[in-house]
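First to last, the protein sequences are chains H and D. In terms of numbering that gives the first Met the number 0, the first sequence has 521 at position 522, counting the first letter as 1, and numbering is strictly consecutive. In terms of numbering that gives the first Met the number 0, the second sequence has 62 at position 63, counting the first letter as 1, and numbering is strictly consecutive.
Derived by calculation from the structure, the hints in this document are not laboratory data. Even glycine gets a Cβ: it sits at the ideal position worked out from N, Cα and C. Be aware that one or more of the hints could be misleading.
To be verified - Straight-line alpha carbon distances no greater than 27 angstroms define the calculated BS3-like cross-link-like pairs of lysine-lysine that follow:
no.: 1; chain 1: H; residue 1: K546; chain 2: H; residue 2: K448
no.: 2; chain 1: D; residue 1: K450; chain 2: D; residue 2: K430
no.: 3; chain 1: H; residue 1: K591; chain 2: D; residue 2: K430
no.: 4; chain 1: D; residue 1: K430; chain 2: H; residue 2: K567
Said to hold, decoys possible - Label-pair ranges, simulated between beta-carbon atoms:
no.: 5; chain 1: D; residue 1: E475; chain 2: H; residue 2: I16; range: 23 to 31 angstroms
no.: 6; chain 1: H; residue 1: R618; chain 2: D; residue 2: L22; range: 33 to 41 angstroms
no.: 7; chain 1: D; residue 1: G444; chain 2: H; residue 2: T71; range: 48 to 56 angstroms
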Amino acid sequence: MEKLYLLVPLAPLAGAIIAGLFGRFIGTTWSHRTTIFLVFISLIASLVIFTDVLQGNIYNGSVYTWMVLGETHFEVGFLIDPLSATMMVVVSLVSLMVHIYTIGYMHGDPGYQRFFSYISLFTFSMLMLVMSNNFLQLFFGWEAVGLVSYLLIGFWYTRPTATYANLKAFLVNRVGDFGFLLGIGLVLMYFGTLDYEIVFAHAGHIASHFIEIIPGQPWMLMTVICLLLFVGAMGKSAQFPLHVWLPDSMEGPTPISALIHAATMVTAGIFMVARMSPLFELSETALSAILVIGGITTLFMALVAVVQNDIKRVVAFSTLSQLGYMTVALGASAYSIAIFHLMTHAFFKAVLFLGAGSVIIAMHHEQDMRQMGGLKQFMPITYWTMFIAALASAGVPGFSGFFSKDAIIEAVKYTDIPGGEFAYFCVLTTVFVTALYTFRLMFMTFHGKTRMDAHTRDHLHESPWVVTVPLMVLAVPTIAAGWLIGTMVFGDYFGDAIQIRPEHEAVASLKAEFTGVFGMILHAFSTTPFWLSLGGILTAWFLYLYKTEIPGKIRKLAGPIYTLLDRKYYIDEIYSWVFAGGTRMLGTVLWKIGDVKIIDGFFVNGSARVVALIAAAARQFQSGYIYHYAFTMIVGIFVLMSLWLFYF
Amino acid sequence: MLFGFPLLSLVIWLPIIVGLIVLAIGNDRNTLLSRWLSLVGAIFGLIVALPLYTRFDPALSTMQFVEQYVWFERLNVYYHVGVDGISMPLILLNCFITPLVVIAGWEVIRERVSQYLGAFLIMSGIVNGVFASLDAVLFYTFWEASLIPMFIIIGVWGGPNRVYAAIKFFLYTLLGSLLMLIALIYLYHVSDGSFSILDYHQLPIAMTPQILIFIAFLLAFAVKVPMWPVHTWLPDAHVEAPTGGSVVLAAILLKLGGYGFLRFSLPIAPDASLYLADLIVLLSLIAVVYIGLVALMQQDMKKLIAYSSVSHMGFVTLGFFMLNGLGVEGAMVQMISHGFISGAMFLCVGVLYDRLHSRQIADYGGVINKMPIFAAFFMLFAMANAGLPGTSGFVGEFMVIMGAIEVNFWYAFFAAMTLILGAAYTLWMYKRVIFGAVANSNVEGLEDISKREFILLVILAIAVLWLGIYPFPLTEIMHATVDNLLEHMTHSKL
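Work out the full structure: start from the sequences and follow the hints.
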């Protein structure tokens with residue numbers, strides 16, 4: 000088994016190295032064959048491990064020692080339990096589908112091999128992240144996925160927007176990592192180790208420990224640690240106010256948006272908090288903050304999605320909002336539901352993105368939905384798979400998204416953690432908004448009149464099988480994954496991997512009410528979320544298919560609000576002005592004034608000048624004229640004699 | 000001594016002797032002979048240094064490979080050399096960098112080739128001497144001698160403003176060193192006529208003289224490191240120095256300052272070190288944050304990397320004065336890692352400079368279109384410079400931050416800002432130089448790296464990744480020495 004664990008991440012790594020270093024020698028076909036085969040191996044191994052874990056075989060062991068310092072061992076190692084095994088399957092499955100899809104999407108691109116190398120490298124990094132048994136390796140994976148994300152957003156490096164977006168993504172993520180690293184530092188300081196098992200086992204002992212980061216202000220240690228760790232999650236999982244990089248990341252090729260910026264990497268933060276549940280459970284304040292931030296992200300990002308016209312941007316903002324849902328679930332101590340939504344979202348969002356990509360190929364890289372319409376008849380597979388995903392996204396009973404989202408809403412309703420009511424309002428309202436923007440996308444793209452130019456319309460056709468097969472494969476779990484809710488959320492699926500303290504009873508209360516999958520579907524028709532969702536779909540139908548002139552009127556009527564949403568609350572502008580501009584100004588001042596004027600100008604060259612001045616002055620005395628010296632001598636004798644006369 | 004064989008002396012003198020031979024026989028008509036002789040000499044210099052690692056006993060905290068001969072008997076001056084877990088990695092780093100520098104100048108330097116190569120080889124030997132000396136006079140001799148080759152390298156093979164830069168470099172470092180000389184003479188007196196550095200470690204000294212000694216050493220070492228605010232010679236020196244000179248300056252010569260803290264300041268004046276630790280920490284954090292911001296705004300690639308060097312060396316001094324295992328060992332790792340990374344970064348800029356004769360960021364753009372292999376290497380080193388895990392740049396910064404948080408949360412807070420700043424200045428430069436469409440006709444004409452440049456960058460890439468993925472072998476040899484030093488620091492000398 001242990002060799003199999005190693006195989007899971009190393010196979011994609013080998014693929015990345017082969018395609019990256021030798022891609023130009025083995026050609027495009029062998030590059031994709033090799034990487035796909037190796038990711039496939041990784042998926043098979045993950046599935047074998049998954050079934051093994053379900054038998055109750057949990058593994059925790061080290062691979063090699065990175066460094067030893069005194070008593071502290073820094074290791075690279077694996078913790079294989081239901082939580083990581085689930086993630087491994089999700090990651091390798093989505094990754095495999097995206098690898099296959101890429102054959103079609105990136106066909107003919109000059110960076111073909113490089114692209115495969117990157118996505119395999121990503122798969123390796125992500126697997127190392129989820130399989131880790133310690134904070135250090137977690138951080139390794141964390142930064143490594145950030146690196147690949149950076150490389151892939153800037154994949155088309157000649158586009159200024161792409162290289163701007165990737166730098167922005169990396170730096171915003173670094174802000175998150177800044178907090179994350181400090182959190183890890185406090186863990187190391189107080190636990191003396193970075194090993195999950197030991198840290199979690201001893202977490203209770205320092206639960207009541209206080210530290211004074213600001214003198215005179217005792218803060219609960221656990222709260223400080225958890226909030227710092229969560230800052231990292233906010234960066235990676237794009238939570239408000241560190242969400243700004245994700246919409247721009249759409250500059251990358253679409254397969255990346257599906258794999259990295261929807262299904263897997265952005266969920267790393269969610270996974271991390273769930274993994275750290277024994278720590279987060281000890282801090283009510285941290286959970287409360289998570290609830291509020293998750294709530295804000297859920298609602299406000301969904302609202303922005305409603306006014307976007309770029310098909311990928313709609314899906315991107317939808318991702319932000321869905322990540323907000325997961326975060327809210329974490330804050331409500333419903334970690335298993337968060338992971339469950341992570342999984343269902345990975346499938347339906349991957350389908351939405353890959354479907355959007357399929358549309359974009361057909362439209363010759365046109366992404367504006369106002370130029371689309373009526374695509375349904377031309378691309379039925381894309382349409383129907385995306386339709387299923389849209390239903391799942393809108394939370395229509397029976398589809399995967401329904402189960403996970405409904406469970407989140409219910410869990411938040413039951414939570415006693417402060418901020419719960421606000422979060423509940425946000426997640427509930429967002430159900431309507433989600434249905435609205437999702438079906439707005441569907442209707443504008445696939446229904447109604449065709450609005451593209453004649454040339455494009457004549458060339459419209461369904462995408463090749465390498466594109467549609469992944470869509471169809473992923474559509475299956477998009478429908479069915481939700482039916483696992485009985486096992487994954489309400490069963491004892493995660494075991495000790497997720498720990499919830501008895502007073503946080505949201506999941507326990509839900510469990511008591513749970514009457515099976517069909518009971519849940521039947522019950523749904525009598526609940527608010529269902530009617531909100533239906534209302535959203537109908538509104539979208541009314542506005543974008545039935546009375547298509549109304550949206551324009553609304554836009555005029557609600558001018559400032561529309562502009563506010565369209566400009567994404569002006570957050571980008573503010574950041575760019577305050578942080579980017581401020582930093583550059585500070586840098587210029589410190590350089591031009593601090594270094595050049597004060598240190599070099601005044602002290603260094605200044606002291607050189609003083610030496611020169613003294614030397615110049617002293618030089619005056621050495622004129623070389625005998626009468627100067629004689630005159631000075633006479634003056635000197637005169638002074639000495641006067642002194643002599645005066646004193647004696 | 001290894002089986003009665005003076006290994007350490009060989010490591011010191013072999014490069015110097017080869018350097019002198021190159022100087023003696025070389026002329027500009029037959030440069031190939033000088034080049035090959037220098038390369039062979041440099042590689043042999045590395046090979047003879049390897050037993051220092053393989054034969055090193057990591058369990059011992061005492062000096063190993065010790066050699067001691069009388070030099071001036073009347074003054075108690077000895078030729079006394081030896082290495083421990085602190086100096087040995089630095090000697091290896093130096094011996095590793097020297098062949099790279101010889102290769103780096105292969106086709107680039109065309110005038111006074113033998114003098115150029117001779118200067119580097121001699122400097123390599125001298126620097127080994129600094130790290131290995133256990134006698135204060137011997138140390139000081141090597142210390143000051145190391146200035147001369149670099150002064151010549153900048154002054155002769157440098158850019159248009161080379162004379163200003165060379166003199167600034169020379170005066171800055173010389174002024175710092177003079178106070179160290181006074182401190183050493185003072186120690187000679189209070190130790191009843193000993194020049195043994197190890198004797199000084201055990202010498203009881205009252206608080207006031209300790210503080211004065213500490214400050215005297217501080218000035219010498221702070222200039223070398225360089226610490227804020229005595230750093231301004233470095234950007235000028237780097238900008239004017241030829242590529243090889245920049246590599247050695249950043250990779251090796253800066254380490255002399257860091258090494259000095261561990262060999263002199265901390266063990267000789269432990270009480271003063273504790274007393275003044277906050278001051279050093281403050282200066283170090285200013286270096287990390289202030290210099291990081293200054294680096295962001297640089298228009299000249301070499302200046303940017305020079306400032307980035309100062310910022311990264313801030314981690315070295317910060318780590319030392321955390322006075323815990325993580326901090327000190329992290330700082331040591333940071334020194335080695337910075338040797339690889341800054342060397343690689345300067346080589347990368349050198350690759351571009353050799354082609355377009357410009358270091359201005361604005362003169363480039365879209366280089367990746369013409370030099371994809373180079374862009375890949377540059378990306379790796381840029382990420383290492385930004386401290387990405389898996390590269391050597393991460394290890395030292397991580398350890399120092401972890402060490403700092405144990406002392407004071409805010410130290411770690413400001414130090415960790417490098418995560419953002421380091422990424423910002425490095426990747427912003429990378430974006431402007433490498434990414435984008437081809438910016439002008441000069442860039443259009445660029446050719447990708449040659450075999451020679453490829454070999455250089457591959458060697459450094461392996462070093463950077465190896466240290467990032469598996470730092471165990473490096474940290475293992477330092478434990479005993481660092482533990483011993485920290486234990487020594489706990490005893491007051493008052």
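For this session: Could you tell me which of the numbered hints above are not met by this structure, giving the numbers in increasing order?
Result: none
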